[in-house]
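Please work from the sequences and hints to get the whole structure.
Number of protein chains: 2
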Amino acid sequence: MNQRMYQLGSKRSVIREIFEFGKTRAQEIGAENVYDFSLGNPSVEPPACVKDTLLKLIEEPDQTALHGYTSAQGDLFVRRAIASHIRGNYDENADENYIYMTVGAAASLTITLSALCEEGDEVVTFAPYFTEYKVFAETAGARLVAVESDPDTFQIDFEKLEAVLGKNTRAVLVNSPNNPSGVVYNRETVARLAETLEKASEKFGHTIYLVSDEPYRELVYGGVEVPYITKFYTPSIVCYSYSKSLSLPGERIGYIYVNPKTEGAKELYLAVCGAGRALGYVCAPSLFQKLVARCVGKTSDVSVYRKNRDTLLNHLTKCGFSCVRPDGAFYLFMKTPEPDASAFCERAKKYDLLLVPGDDFGCKGYVRIAYCVSPDMIARALPAFEKLAKEYSL
Amino acid sequence: MNQRMYQLGSKRSVIREIFEFGKTRAQEIGAENVYDFSLGNPSVEPPACVKDTLLKLIEEPDQTALHGYTSAQGDLFVRRAIASHIRGNYDENADENYIYMTVGAAASLTITLSALCEEGDEVVTFAPYFTEYKVFAETAGARLVAVESDPDTFQIDFEKLEAVLGKNTRAVLVNSPNNPSGVVYNRETVARLAETLEKASEKFGHTIYLVSDEPYRELVYGGVEVPYITKFYTPSIVCYSYSKSLSLPGERIGYIYVNPKTEGAKELYLAVCGAGRALGYVCAPSLFQKLVARCVGKTSDVSVYRKNRDTLLNHLTKCGFSCVRPDGAFYLFMKTPEPDASAFCERAKKYDLLLVPGDDFGCKGYVRIAYCVSPDMIARALPAFEKLAKEYSL
Chain A
1 MNQRMYQLGS KRSVIREIFE FGKTRAQEIG AENVYDFSLG NPSVEPPACV
51 KDTLLKLIEE PDQTALHGYT SAQGDLFVRR AIASHIRGNY DENADENYIY
101 MTVGAAASLT ITLSALCEEG DEVVTFAPYF TEYKVFAETA GARLVAVESD
151 PDTFQIDFEK LEAVLGKNTR AVLVNSPNNP SGVVYNRETV ARLAETLEKA
201 SEKFGHTIYL VSDEPYRELV YGGVEVPYIT KFYTPSIVCY SYSKSLSLPG
251 ERIGYIYVNP KTEGAKELYL AVCGAGRALG YVCAPSLFQK LVARCVGKTS
301 DVSVYRKNRD TLLNHLTKCG FSCVRPDGAF YLFMKTPEPD ASAFCERAKK
351 YDLLLVPGDD FGCKGYVRIA YCVSPDMIAR ALPAFEKLAK EYSL
Chain B
1 MNQRMYQLGS KRSVIREIFE FGKTRAQEIG AENVYDFSLG NPSVEPPACV
51 KDTLLKLIEE PDQTALHGYT SAQGDLFVRR AIASHIRGNY DENADENYIY
101 MTVGAAASLT ITLSALCEEG DEVVTFAPYF TEYKVFAETA GARLVAVESD
151 PDTFQIDFEK LEAVLGKNTR AVLVNSPNNP SGVVYNRETV ARLAETLEKA
201 SEKFGHTIYL VSDEPYRELV YGGVEVPYIT KFYTPSIVCY SYSKSLSLPG
251 ERIGYIYVNP KTEGAKELYL AVCGAGRALG YVCAPSLFQK LVARCVGKTS
301 DVSVYRKNRD TLLNHLTKCG FSCVRPDGAF YLFMKTPEPD ASAFCERAKK
351 YDLLLVPGDD FGCKGYVRIA YCVSPDMIAR ALPAFEKLAK EYSL
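Protein chains in written order, with UniProt numbering: chain A, 1 to 394; chain B, 1 to 394.
Errors might be hidden in some of the hints.
Since the list gives no way to pick one copy over another, a pair counts as held whenever it fits inside one copy or between any two copies.
Said to hold, decoys possible - Derived EDC-like pairs (lysine to aspartate or glutamate); straight-line CA-CA distance at most 16 Å:
(1) K11 / E267
(2) K231 / D95
(3) K335 / D150
(4) K266 / E96
No lab work stands behind these hints, which were simulated from the structure alone.
Okay, structure coming up:
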């Protein structure tokens with residue numbers, strides 16, 4: 001069999017290990033006593049429009065059309081609804097002919113990178129980064145190059161970025177709001193990134209594409225703006241998923257939006273279609289395509305995540321821990337009081353706090369705390385964090 | 001951008017071209033006067049259990065669990081239901097730990113071939129074959145080798161098969177009932193195939209896997225048996241999809257079943273999990289996983305397809321055309337009275353009969369007629385076939 005695939009299938013992810021430990025522990029001491037902050041699974045219900053729309057769609061008279069194949073790039077009505085939403089909110093150039101419906105964020109990224117990269121190319125991203133980026137880049141025949149972020153803000157360190165850009169750089173991949181840091185790139189960061197990539201593209205004689213992975217776009221707190229990539233940099237592609245905004249992670253529905261102003265945009269869009277075909281994606285799930293078109297612009301009640309963030313961030317800071325303040329997503333990336341994050345996680349386990357070491361996200365000395373959990377659980381977990389802090393005399 | 005992906009995206013399939021022509025023509029002369037036999041889109045409604053189950057699932061109190069991530073290999077309850085169905089009907093060894101839920105048949109095949117193959121391997125299949133097999137094999141780094149079938153029966157020509165098996169053969173891919181011929185492999189064919197592959201595996205010193213692509217398993221007419229591959233050959237993998245049996249092609253739901261008796265089955269299953277991960281499949285759509293578990297063993301009313309086949313086959317034979325009798329699927333593969341199938345299709349177009357040349361399926365001198373259409377349309381199309389036959393003085 002294929003050895004790369006066997007390795008990928010047999011090496012269980014650290015997150016999954018911790019999650020399984022949590023389930024076993026819950027049987028021993030009761031689920032209410034285990035504080036599992038390991039998974040990025042939305043805890044807030046889908047908005048009412050999800051159930052209402054499903055009920056309406058299911059009653060449609062033409063059941064074969066409802067569940068039938070759509071065109072490979074997605075149903076035209078659906079792509080029009082999404083393009084109109086993007087035009088109204090972010091980018092007046094959005095056009096249904098540059099939208100490709102996908103089976104969620106992982107598909108959006110694998111397809112986009114496969115469309116862009118040739119064997120030996122490099123995809124640059126910024127640590128901390130979502131653990132699967134490495135896998136997606138390698139599927140596209142490319143190598144993931146991670147650049148350390150500014151440790152105080154987790155915004156981009158441009159000196160470090162410039163040092164890695166080169167003749168093999170095909171794309172730069174950003175994720176804002178970020179998993180695992182929760183940090184949102186501000187306008188200044190995005191504008192400077194655009195400028196840097198323009199110069200580098202000229203210097204190295206080929207276009208460096210900017211790919212924006214943004215399943216957390218709507219999960220921002222306190223009116224923070226998430227700058228829209230295509231408005232700052234022309235050779236850009238937005239990868240979106242409804243998993244978090246509509247709390248539908250299992251339904252696998254998202255899209256790719258190729259900036260129509262990009263030189264060769266039409267050809268690039270065709271390469272996206274080709275990559276979808278090559279990877280075995282025939283079309284995105286039909287019923288959920290029709291659903292997202294009717295729920296466009298709606299989100300789950302994200303105020304719950306904001307409250308969770310505030311409660312947890314305040315308490316952790318009071319205990320003496322330190323985190324960069326997350327403006328979005330539903331993660332806190334906390335500095336560990338000892339350099340070995342895995343050792344810290346083991347100590348946390350004694351108090352039944354399940355956290356994920358940052359090592360897998362390309363950052364040593366941190367843990368990820370996924371606060372997409374019930375506010376009750378957070379309240380119950382606070383004393384455990386306090387005890388953990390005391391162990392380190394914080 | 002990636003040139004392979006661009007080519008795959010920009011080269012429109014012949015089937016799609018014909019379908020688009022049909023839509024334009026329908027605007028000119030009315031849809032009822034265009035006889036479009038180009039697409040393999042089920043025309044029969046999903047069975048009642050689909051709507052009933054969806055309505056029940058949507059009312060489940062825990063909406064976040066309903067639409068949440070399942071484990072990567074699929075929900076345990078779902079895999080148990082499917083394993084139990086396979087045990088009860090086909091293979092008493094079936095086990096949920098060897099079932100991997102997929103985003104439909106194309107995903108099942110791309111994942112399976114990626115798990116099996118290394119760069120430079122060969123995947124052997126039998127012409128006529130589904131056009132996308134070549135793409136799926138190439139994504140896995142392999143080369144598709146097509147073997148001509150016995151022209152009288154479209155069963156396997158074993159001399160020709162033996163001539164291509166070699167040290168690079170990693171897998172043999174079968175599709176019964178077949179798209180586009182409608183032919184079902186009988187027990188004799190499958191038993192001899194197993195024997196041939198056992199000998200070849202021994203001769204070349206490595207296992208040759210048998211992959212069975214069977215989305216049409218339940219679409220058979222007149223009590224014809226579809227032998228279950230794992231009962232005949234141990235190193236075997238079944239790729240299944242609910243697209244045709246439940247008329248849900250747009251929802252993208254199927255599974256891979258690795259024969260647990262295969263040497264190294266556990267490792268192979270892990271490679272399947274790894275390939276799913278590498279190709280960007282996080283999990284199969286959650287709602288439809290739960291749906292198929294509750295509709296297991298149910299099918300659409302396939303008697304409609306049988307009537308269509310009988311009407312069309314009788315009429316075409318009466319007109320003087322010749323086809324191998326299809327026992328399953330919803331396709332007729334008809335010999336063209338002139339050697340150039342494309343020229344024949346052009347002539348057919350004059351009578352607004354839209355057929356697909358066999359060249360794309362690896363067989364010259366044939367056309368595919370997809371009879372998954374309304375019986376009314378077939379009745380209206382009969383005179384057109386008659387006129388076409390007269391042109392050739394049949």
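- prompt: Can you tell me if K11 and E267 fall within 16 Å by alpha carbon in one copy, between copies, both or neither?
  reply: Only across copies: K11 and E267 sit 12 Å apart there, 37 Å inside one copy, limit 16 Å.
Homo-oligomer pair classification [D95, K231; C-alpha up to 16 Å]: within (14 Å within a copy, 52 Å between copies)
- prompt: Given identical chains, is K266 near E96, meaning Cα to Cα at most 16 Å, within a copy, between copies, both, or neither?
  reply: within (12 Å within a copy, 44 Å between copies)
message: For K335 and D150, with the copy left unspecified, which applies at a CA distance of at most 16 Å: within, between, both, or neither?
response: within (14 Å within a copy, 68 Å between copies)
In summary, the structure agrees with every hint in the numbered list given earlier.
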